[in-house]
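Work the whole structure out from these sequences, hints included.
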Amino acid sequence: MAATPRPLLDDPRPLLDDPRPLLDDKVVWVAGVGPGLGGACVQAALRDGARVVASARDGERLAARMAELDPDGERVLVAPADVTDAEACRRVAAAAVERFGALHGLVDVAALDNVMGGLDDTDDAAWAATHRVNVIGAMHLVSAARPHLAAAGGGSVVFIGSQSSLRPAEEMFQVAYAASKGALLAAQRSLARELGPQGIRVNTVIATWMWGPNVELYCAWQAAERGVTPEAVRDEIASRMALGEIPRDDDVAEAVVWLLSDRARMVTGQELLVNAGEIFGG
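Residue numbers (numbering that gives the first Met the number 0): 0 to 281.
If you're looking for bench data, these hints aren't it; they were derived computationally from the structure. For glycine and all other residues, C-beta sits at the position ideal for the given N, C-alpha and C.
Derived DEER-like restraints, expressed as beta-carbon distance ranges: (1) R239 with N113: 19 to 29 Å; (2) P20 with D122: 45 to 55 Å; (3) I135 with R98: 19 to 29 Å; (4) R225 with R192: 41 to 51 Å.
In structure tokens, the structure reads:
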């Protein structure tokens, strides 16, 4: 389906001169909100003016985290849901529109990333579970959001990818996880072409190591295994990066906000690596 050509902006300067926050008057759905990147995406979106629909499987933990970010409950709708449940995803999308009047963006942070091992260590159940969350779950989210994004005149979908889909990690094998994130990149490109005529952009932010509790635990584990300090392991990881620093959750969230915003209105079907220069390009 070819896109209908749209008229050029009468004056491109409003994009440059607009002083409003990046997501002013936008409604964004962040799926897979937890203590790490999902929460950082919600926080960044709120800071930049959005109203947010936050979903995750653990409703109690989700509500507690959102109460910290939006004590009055005026700008965040807490909507527990499992991405593997297509009907639950549709209910969240409908609730977003009922509460806030529209839906302009979707961020998929939900992922199953704890399936460790190479080919001989990964059974059929592990393959199926990983792809059910990371690929099929992502499609459930897009399917649920698409009609509402189109009704709003278009919108932005941002997937969270993994550098493991581009270059296998040296420290560990995660063949099922890497394959699922590679499949998500292929889906992103196809969806960008399919949904572009409806004004819907689809992009992926590809993350690498993100400094936080999980990486701290990894550094402590490796330190104990190798008889070195956790700081030595951390510095070893950082030394592979051109900028010499391990990115944080909020570094990735900043890239997500930009892709959600109208500042990225001509960006679709692309991967943005937020990896401090650990690798370049795909």
